[in-house]
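Start from the sequences, fold in the hints, and give me the full structure.
Residue numbers (our numbering), protein chains in the order written: chain V, 1 to 343; chain P, 344 to 443; chain U, 444 to 620; chain E, 621 to 1273.
Do not rely on the hints blindly, as some may be mistaken.
Computed beta-carbon distance windows for the label pairs [unchecked claim]:
| id | chain 1 | residue 1 | chain 2 | residue 2 | range |
| --- | --- | --- | --- | --- | --- |
| 1 | E | Leu688 | U | Asp590 | 55 to 65 Å |
| 2 | E | Val1230 | P | Val411 | 44 to 54 Å |
| 3 | E | Leu1236 | V | Asn144 | 58 to 68 Å |
| 4 | V | Lys112 | P | Met344 | 27 to 37 Å |
| 5 | U | Leu553 | V | Val245 | 45 to 55 Å |
| 6 | U | Pro445 | V | Ile12 | 15 to 25 Å |
| 7 | V | Ser244 | U | Gln566 | 46 to 56 Å |
To list a few chain E residues with every Cβ distance to chain U over 12 Å, as calculated [unchecked claim]:
| id | residue |
| --- | --- |
| 8 | Asp681 |
| 9 | Asp691 |
| 10 | Ile905 |
| 11 | Ile912 |
| 12 | Asp984 |
| 13 | Ala1145 |
| 14 | Met1152 |
| 15 | Ile1209 |
| 16 | Lys1210 |
These are calculated hints, taken from the structure and not from any lab test. If you're wondering where the values come from, they're calculated on a predicted model, not measured in any experiment. Where a beta carbon is used, it is the ideal one built from N, C-alpha and C, also for glycine.
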Amino acid sequence: MDLRSGIQLGIIGLTFFMLINASALLVLAERKIMGFMQQRYGPYLVGPHGLLQPLADILKLLMKEELRPKGADKWLFTLAPILSVTAAFAAFATVPWGGETTFFGLLDEPVKLGVADVNVGVLVVFAVTSMGVYGIVLAGWASNSKYSLMGGLRASAQMISYELAYATSLAAVILLAGSLSLREMVDTQAGTWFGFIPRWYVFLQPVGFIIYVIAGVAETNRAPFDFPEAEQELVAGYNTEYSSVRFALFPQAEYINMATMSAVATNLYLGGWHGLPFLDTLGLSWVTFLLKVGAILFTYIWMRWTLPRYRYDQLMAFGWKFLFPLSVVNLIVTAALVLYFNA
Amino acid sequence: MIPLHHYLIVSAVLFAIGTAGVFLRRNLITILLSVEIMLNAVNLTFVAFGRYRGDVDGQIITFFVMTVAAAEAAVGLALIIALFRHRESLNPDAFTSLKW
Amino acid sequence: MPEIVTFYLLAGILVVSSALVIGQRNPMYSVLFLIVAFAALAGLYIQLDAPFVAVAQIIIYAGAIMVLFLFVVMLLNAPQEDAAEWDRTHPLRRPGIARVGAVLAGVLILQLAYALVRANELQAPVGSQTGPAIVSNVRELGKVLFDRHAFAFEATSILILVAMVGAVVLARREGES
Amino acid sequence: MLALIPLFPLIGFVVNATLGRRLPKSVSGGLASLAMLASFAVSVTVWWQLVGMPAEDRSIDQVVYTWLASDDLTLPLAFRLDPLSAVMILVVTGIGSLIHIYSTAYMHDEVDSEFARYFSYLNLFAAFMLVLVLGSSFPVMFVGWEGVGLCSYLLIGFWFKKQSASDAGKKAFVVNRIGDYAFILGMLALFARFGTLDFQGVAQAVGQVEPETSFGIVSIATLLLFIGATGKSAQIPLYTWLPDAMEGPTPVSALIHAATMVTAGVYMIGRNAVLFSHAPETMLIVAVIGAITALMAATIGLVQNDIKRVLAYSTVSQLGLMFLAMGVGAFGAGIFHLYTHAFFKACLFLGSGAVIHALHGEQDIRNMGGLRKQLPITFSTFAIATIAIAGVPGLAGFFSKDEILFETFAEGHTILWFVAALTSLLTATYMSRLVYLTFFGQRRNDAPAAHGHDHGHGHGAHDHGHLHDAPPAMALALIVLAIGSIAAGYIGLPHALGGHNVLHAWLEPAFGLHEAVAEGEADHASLELSLMGVSTLIAFAGIAIATFIWLWRRELAASLAQTFAPLYRLLLNKYYVDELYDATIVQPIKVVSQQGLWRGFDVRIIDGAVNGTGALVSGGSAVLRRLQTGSVRTYAGSLFMGVVVVLGYYLWR
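Written out as structure tokens, the structure is:
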């Protein structure tokens, strides 16, 4: 195994490690921010300022007894959380998270930060994300519980519906970039207009960006679209019957999905790792990237603790009757403008 | 490189599995799934031939087949729902009133 | 050599999971095995230098159509295949006759295999005539799709629209507004 | 302009047929009469136009539109006015107008809707008759020919609730069909021979060839046409429908079954004078048939007791004379007689109608008598018309009938002349008998049964001692026609009497050939004068016989009937012709139809084939439908089986 392959493997491991930690960090961030918004402290006891709380949570969950309802489908009940988290990890595979770097001169040749770079990267992310629904749906079905089933049903309907708006808003950006490779798309956003406006697609696609964020919330089943696990109605939705590690995997998948969503949003709309030139020169473009992702993630959490949950029929009506048509209009206008300016 | 007829044999086997499923299964949903298998078997043939001949037409017809499959699935499943509401059954043998 | 191994692996998964789709009574498992089969098929597409088709296969089939199937299976909540006795009121409706179809499927495999054996030129490797550049180029694909096949594309879009309306009408409960 | 002539009555028909049931009688009747009068006015105008033209090309053509256009047959719907058709349209519209006016009074007892129906039929008849007369080709004429047949059927069966009326209508229609069929065949033969159906075209084409000496295609065609004419004009063998047609309202009998429609056959022969004169064989047949019909009908008329039947047989007889004239080549004479006959026969029918009207439906002359005083106008006009038809010199009938007799004799048909003369004698006799029995003597039945023979709802039995004479509308028609009966003949005043025979000169170009008789030749003049004397003698003799038997020695009639009882019965039963037809034609057809065609062919073979096919299909289906299991799987299986088999075939090949 040559050095390059080794470095590539290292990057893969790093990405994996970051994602695992991201979920832990996000749990903590969520509780801290929630506490801040509700004018309380949040977790405070474990570690300094409660920083070790996620570790405690994980330990607690690992200690718990694994329960499986009697009528549950043995195989699928086990498979569902695994599927869920696998899809979440896999989705990140083609998402680059930084420009080229030599790790401060450590390497002769610069390497690209990211697991893999395929020429249909955006679509791969999209495809793998859409696989995530199976985890939830199967969990709902396999539990042999009416609450779970309802949660699963809702998840499937919701995710199919919002995938349309999601994909259509993606398509508009793809039209602008003229490529399906995420790295190429990010690189088209380098530089500025008129010397001070970054060439980010968010300025060309404000509507698309908003649609993307909203659809992303729905895809990740976050509040205000957290119907699959709506506590007030369905106890805990699809994961009602889960406990211990199996249960832990669902939030894990959810947070990783959030991270993926944010990373893709950053790459597509916010110029990826471009924008802070002095960091680029230091070879720390990935810091830029992480800052942007963090900002979006904060927005996610912010939304969760700010907005009340919709009604289910409102969700579907919003998705089909407003968001999807809007995204189609956005796509058509974008296509027309692209055609006009290219011609 | 893989010889073309490898793909073709896989495709043929897949198609035969799909047909057999249509005949053997007594559940409308599974029958519909079997039809999907048959469609995908054909898709594989198209893509393999396309690669073999070096043009993209094979892939394009695959897209069309996929679209048709999506339409077929949507309508087929809607029909199944409507039928199920009438008979509380998914057995195709329960829907044999259209005879004689 | 790793290529052929990958191929046999994917083809094996594909055939076995397809066989499992039709090999049991629980439609839930059938759907899941079909998803697995489609994933393997997507792998074969990648091997055939058709990454776009592979992704589309996952997005459309695995991500949309199969979710729809799953949704219906869950909605109807009647997953197990009827274990009811066969309706034997008619000679053509007995199980034996139904199995003739399966036998015919076997005959079909033999016929196709025979046809392949006769056609020698099909034994050539898929990449023997051209490199992967053309077929894996999504830009080229889009050009051909929207140029040469524009009419078919539009016709398909109308088909989708009709199917959508038809599905809504069919699945709607009578009396619903 | 020409198209207007049939158009006016057509408009009248449309209005009366659609709105008539809502219109009062005065409006619907007035409208119909007005339509005829307008048509008459137009006819006079175009006739005057025609008069202003040079004699050689007196012809007005109007093509309305192209009716049929095919490979070698282009058929315009065209009208042509020439001297012959001018005479005819004047007769049709003139007498037609009078009869319309007469009808407004005669039909007054009908309810509004029936009244309007009557007038719509009458107008439709007039329209078709005018199309028949004006048509410039056989097919156009045939449209009118069929149309008047239809109207005749409708009007004979006008009181269709009465079984005899509806039967008579059907009889007329069916008998006419036979003639019409022959007419169509004749047309086809002509088209096959000459490639055209235009009258002028046919005349020109036939003018190119020599007259047929043997029985060739022209003879066949003309004979077929003549058979058509016998149907329409009530000649042997197809005359039986006309006496029965008297079931219709009397004005209808006057217009259709005396003055106009029944003369269509005569007109048709006149129209194709050139054609017919190229077929001497046919001409002879026409003459013989005409003569026999004339004599036969006259003998029957001698003993009939129904006032309208006597007139009907008289009509048949007179039509026979016309055909005789046509047959001997005296086309002008035939048309002349047609023209004068229209006046006096219409007058006679309308007079009889007035009598029937006055007697509330009584038609049997044995129940009449002495009406002379009570119905003076009717009597006087009826008497004038009778004298005219009897051939008393100075009146219309004398000139025309005498011309026929003379021409027949001059052509050398002595036997035919003798038959015609005998017919004249009989005519004078039975017409006088009719007058004596109806108007003279004493009323033989004071309480005539108002059996509603002609009037569905008579006034019942009120005071019969005081009968109403014809009301003004009827009287007007009667008087005008009586005047016509006197004066009409003077346009054909023969040269022998110092006249110029205006009508002959007028008609001559229409026939397209010079009449065989060279008028005005000295040697013929003396012959004509002597024959005239004979005619006059015959007329007076006939009247004298009638006077002797039916006025002076009434009982003689009964004893004569006793003496010649078989003959009397034979005549009374009209030579048993109806019975003969019934036995030889109607019954065999019925038997063949019922037993052979219906029970045998239709039920067994046709129905058998149809039902057999059905049974075969349903039987086969009963077996095959077992394949239709309703199971999708089975269907898919058969489909897939097909795939495997076809694929196997191609692989194995």
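Q | Assertion that isoleucine 912 of chain E lies outside the chain U interface [Cβ separation over 12 Å] | A | Nearest chain U Cβ is 81 Å from isoleucine 912 of chain E, so the label holds.
Q: Please settle this one: aspartate 691 of chain E was flagged as non-interface, so is its CB more than 12 Å from every CB on chain U?
A: Given a closest Cβ separation of 45 Å, the condition holds.
Q: Go ahead and decide if the range 27 to 37 Å is satisfied by the Cβ distance of lysine 112 of chain V to methionine 344 of chain P.
A: Holds, since lysine 112 of chain V and methionine 344 of chain P (Cβ atoms, about 29 Å apart) stay within the stated range.
Q. Is the nearest CB of chain U more than 12 Å from the CB of aspartate 681 of chain E?
A. holds, 61 Å
(Q) For the hint 58 to 68 Å, verify it against the beta carbon of leucine 1236 of chain E and that of asparagine 144 of chain V. (A) Hint holds: Cβ distance 60 Å, inside 58 to 68 Å.
Q. If you check the beta carbons of valine 1230 of chain E and valine 411 of chain P, does the distance land in 44 to 54 Å?
A. For valine 411 of chain P against valine 1230 of chain E, whose Cβ atoms are near 46 Å apart, the range 44 to 54 Å holds.
Q | aspartate 984 of chain E and chain U, when compared Cβ to Cβ, separated by more than 12 Å | A | holds, 79 Å
Q) Does alanine 1145 of chain E sit more than 12 Å from chain U, CB to CB? A) holds, 97 Å
Q: Using the Cβ atoms, figure out if leucine 553 of chain U sits within 45 to 55 Å of valine 245 of chain V.
A: holds, 49 Å
Q) CB of proline 445 of chain U to CB of isoleucine 12 of chain V, is that within 15 to 25 Å? A) With Cβ atoms ~19 Å apart, the hint holds.
**Q.** Non-interface label on lysine 1210 of chain E, tested against every C-beta of chain U at 12 Å
**A.** The claim holds: lysine 1210 of chain E sits with its nearest Cβ about 55 Å from chain U, beyond 12 Å.
Q. Isoleucine 905 of chain E clear of chain U by more than 12 Å, beta carbon to beta carbon?
A. holds, 77 Å
Against the hints set out earlier in the document, no violation occurs for any number.
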